[in-house]
Structures are given as C-alpha cells and as structure tokens.
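Engineer: Respectively, the protein sequence lines represent chains C and Z.
Counting from 1, one number per residue, gives the positions in the first sequence under the working numbering.
Counting from 142, one number per residue, gives the positions in the second sequence under the working numbering.
Because the hints were derived from the structure by calculation, they are not lab data.
Keep in mind that the hints are not guaranteed to be accurate.
Said to hold, decoys possible - Lysine-lysine pairs mimicking BS3-like chemistry, simulated, CA-CA at most 25 Å apart: (1) C/K51 - Z/K278; (2) Z/K253 - Z/K226; (3) Z/K226 - Z/K278; (4) Z/K199 - Z/K278; (5) Z/K226 - C/K40; (6) Z/K304 - Z/K226; (7) C/K51 - Z/K192; (8) Z/K285 - Z/K226; (9) Z/K285 - Z/K199.
To be verified - Label pairs and their calculated CB-CB ranges: (10) C/A134 - Z/D314: 21 to 31 Å; (11) Z/A318 - C/L11: 51 to 61 Å; (12) Z/S330 - C/E76: 28 to 38 Å; (13) C/V123 - Z/A318: 47 to 57 Å; (14) Z/A318 - C/S124: 43 to 53 Å; (15) Z/R325 - C/N115: 45 to 55 Å; (16) C/E53 - Z/D314: 45 to 55 Å; (17) Z/T166 - C/A99: 18 to 28 Å.
Where is the CB? At the ideal position from N, CA and C, for every residue including glycine.
Spelled out, the chains give:
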Amino acid sequence: MKPLRVLSLALVAGVLGLVAWAALAPVRFDSREEVFEIPKGTWARRMAGDKVEILPAQIRLTLGVRDVLRLRNGDEVPQQFGPTVLMPGQSLRLPFEVASTYSFACSAHLNGQMNIVVQPQPVSPWGRLSWRAAALWNALT
Amino acid sequence: MKPLFALFATLLLAASPVRADGGATLKAGTFDPPRAAPDFALAGSNGGQLKLSAYRGKVVLLGFGFTSCPDVCPTTLTTLAAAHKQLGVQGKDVQVLYITVDPKNDDAARLKEYLTWYDPSFVGGTGSEAALAAVRKSYGIVAKRSAAGGYSHSSFVYLIDRKGVLRALMPYDHPAADFVHDVRLLLASP
C-alpha cells in the first residue's frame with residue numbers, strides 16, 4: 001500500500017473517530033456550575049467611570065451538564081448582581097431543572113433584563129454532536 | 142481494520158446519558174453564606190404594622206408586586222396559595238408576605254381584599270414610595286414603570302427561615318410542589 005494512501009486512510013479514520021467520540025461520548029464537566037464573579041475593585045472602577053461588564057447579555061446553560069448558575073460577589077461592597085443583592089464574599093447558587101428561557105429584572109444590564117437560556121440535556125448522538133459543535137464555536141468566537 | 146473497529150465498539154459502549162451528579166438540596170437558588178433578611182416596618186393589610194421580625198419562628202415567603210398586575214402576580218400568588226394548602230398543618234408555620242411596588246394604588250385595604258382572594262392568611266405591605274424603595278433596594282428588587290402604565294418588577298420569591306435568615310430565592314414559574322419541598326426543608330432545619 002502506498003504511503004500516501006495509508007496517510008489518507010489514517011486521516012479519515014481519525015476524523016471519523018473524532019466525530020464518533022463527539023456524538024457518542026457523554027458530555028462531562030468537573031462541575032455543573034457556570035460561575036460569574038464580580039472581581040475585587042469593581043465598585044472602585046465603576047466609581048472612576050469605567051463601564052465594567054460582568055454578566056453577558058445572555059447566559060446559556062445545559063440541563064444535566066452545566067445547569068447551575070453561580071453568581072459571586074468578590075468585591076468589597078454589596079452589589080446588585082443578577083436578580084439580587086449579594087454581600088461581599090457572598091454567592092447565589094441557582095439550579096435549573098426545566099429547559100426554558102428565564103428572564104430576571106437586573107439593573108446590571110442596560111436593558112434592565114438578564115436572560116438565561118437553559119437547553120435540554122443532549123442525550124442523542126446528534127444532540128451531543130450539535131452541543132459540542134456549538135460549545136466549540138462559542139469558545140472560538 | 143481491527144483497531145478501528147475496537148475504537149468504535151469502545152465508544153458505543155461508553156455512550157450513555159449525560160451524567161447527573163447530585164445538586165442543591167433546595168429547589169430554589171441558595172445564598173452562601175446566608176445573611177439576615179433585612180427587616181422592614183410597613184403598613185400591613187391586616188390593619189397593623191408589618192414587621193418582618195415579627196414573624197420569627199415561621200418560614201416567610203416574601204414577594205413583591207402590585208394588585209393590578211395582569212400576569213406575574215396572579216400566577217405567583219396562585220402558586221403560593223396552592224403550596225400553602227398542600228403544606229396542610231405545616232402551613233401554620235409559614236407566612237406569605239407580599240409587598241406592593243405601587244403605593245399610589247395599593248393601600249392596606251386594597252391589598253387585603255386582593256390577597257384574601259388567594260388566601261386569607263396572606264399579608265400585604267405598603268407605605269410611602271421612599272419606604273418601599275428602601276425595602277426593594279435592601280433585597281435587590283427591581284421595579285420600573287412600564288409604558289402600559291403598570292410595573293415591570295422582579296418576579297421571584299424570597300425564602301426566609303425561622304430565624305429570619307435569607308436563605309434562598311425561588312425564580313418565577315416554579316410549581317407549588319417546589320415551594321412545598323423547600324419550605325419543609327426549612328421547617329425541618331435547626
């Protein structure tokens with residue numbers, strides 16, 4: 001067998017293996033928590049006129065994979081963070097059990113609203129493949 | 142081809158539903174560490190002063206809204222009433238407090254009439270705009286006038302334990318069963 005042919009076959013096998021892994025292997029993380037933290041000094045930066053953005057306009061979670069939102073105030077003053085006030089060092093652990101879009105009134109966002117999109121658990125091979133592809137895309141963009 | 146086949150077979154065997162590895166004890170979002178729930182003194186729909194600290198010994202479910210709310214408040218209060226009913230005798234150890242964000246329209250009498258329709262044990266709170274704004278700020282509640290003339294407001298319910306500690310917040314649209322679940326845990330906690 002020619003070396004080029006062997007290389008091509010190996011490459012195809014590798015791609016197929018990768019796709020198979022993405023479609024069939026369970027989606028796992030060490031933690032089911034998606035963590036957002038107000039870093040120390042945020043209040044001081046805001047007072048100095050710096051427009052600090054901590055929470056994205058939309059937060060995406062996935063049931064059974066990453067379905068717990070943790071908001072933590074690492075600053076030295078109380079902060080309106082997401083739906084509530086958090087004291088310095090305090091956190092809010094918010095679990096989700098139903099796939100849906102959740103909207104919270106939130107003064108940290110310009111439109112006054114925080115949206116959390118909770119996606120269904122990716123259980124089918126196609127679902128896992130789509131989920132991993134979307135996660136890769138989000139990580140790269 | 143054997144190694145390739147073995148790889149596919151291994152992947153097939155490894156394929157299983159996404160792992161579920163436990164979670165929070167409460168259905169609601171929990172504070173860590175919890176803090177004392179800010180106290181307040183407002184005019185109560187029961188004819189007296191409404192002080193949160195007067196309800197030590199009971200689990201308090203604290204919500205914010207207004208009596209002409211077209212959707213969120215009726216849903217929340219219906220859910221809370223169902224949960225209160227489902228708690229049975231334990232319901233006597235639970236108090237629902239509902240504070241208005243619309244003091245111009247919601248006086249104590251109107252709150253009483255409104256809340257009694259859902260559950261006669263529910264108590265409403267009202268006061269001056271400044272007093273209510275201070276309460277909202279202490280809990281991180283957002284309420285803004287909407288273009289339609291009503292209010293856009295935070296829709297979750299705070300869970301306060303028997304010692305007056307702010308333990309959790311339940312997002313909007315959770316079923317009554319989730320409130321029952323969490324209230325029973327709070328009632329059982331030391």
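Engineer: Now look at each hint and say whether the structure bears it out.
Structural biologist: Now for the hints, and whether the structure bears them out:
For the hint pairing C/K51 with Z/K278, the CA-to-CA distance comes to about 21 Å; that is within 25 Å, so the pair holds. In summary, the hint linking Z/K253 to Z/K226 is supported, as the alpha carbons are separated by about 19 Å, within the 25 Å threshold. Distance hint between Z/K226 and Z/K278 is unfulfilled; the C-alpha atoms sit about 31 Å from each other, more than 25 Å. Distance check on the hinted pair: Z/K199 and Z/K278 sit about 24 Å apart at the alpha-carbon level, within 25 Å; holds.
For a cut-off of 25 Å, the pair hint linking Z/K226 to C/K40 is broken: about 45 Å separates their Cα positions. Taking the CA atoms of Z/K304 and Z/K226, the gap is near 23 Å; set against the 25 Å cutoff, the hint holds. This hinted pair does not check out: C/K51 and Z/K192 have alpha carbons roughly 38 Å apart, beyond 25 Å. Restraint check for Z/K285 and Z/K226: not satisfied, since their Cα atoms lie roughly 32 Å apart, outside the 25 Å limit.
Between the alpha carbons of Z/K285 and Z/K199 the distance comes to roughly 31 Å, so the proposed pair goes past 25 Å and is violated. The supplied range of 21 to 31 Å is met by C/A134 and Z/D314, whose beta-carbon atoms lie about 25 Å from each other. Range check, Z/A318 to C/L11: about 54 Å between beta-carbon atoms, so the 51 to 61 Å window is met. Between Z/S330 and C/E76 the beta carbon distance is about 30 Å. The supplied range of 28 to 38 Å therefore holds.
As the Cβ distance of C/V123 to Z/A318 is approximately 24 Å, the hint placing it in 47 to 57 Å is violated. For the hinted restraint 43 to 53 Å between Z/A318 and C/S124, the CB-CB distance of approximately 29 Å leaves it violated. Range check, Z/R325 to C/N115: Cβ separation about 31 Å, and the 45 to 55 Å hint is violated. Checked against the hint of 45 to 55 Å, the pair C/E53 and Z/D314 fails, with Cβ atoms roughly 27 Å apart.
Against the hinted window of 18 to 28 Å, the Cβ-Cβ separation of Z/T166 and C/A99 comes to about 22 Å, which satisfies the hint.
Checked against the numbered hints listed earlier, the structure breaks hints 3, 5, 7, 8, 9, 13, 14, 15 and 16; every other hint is satisfied.
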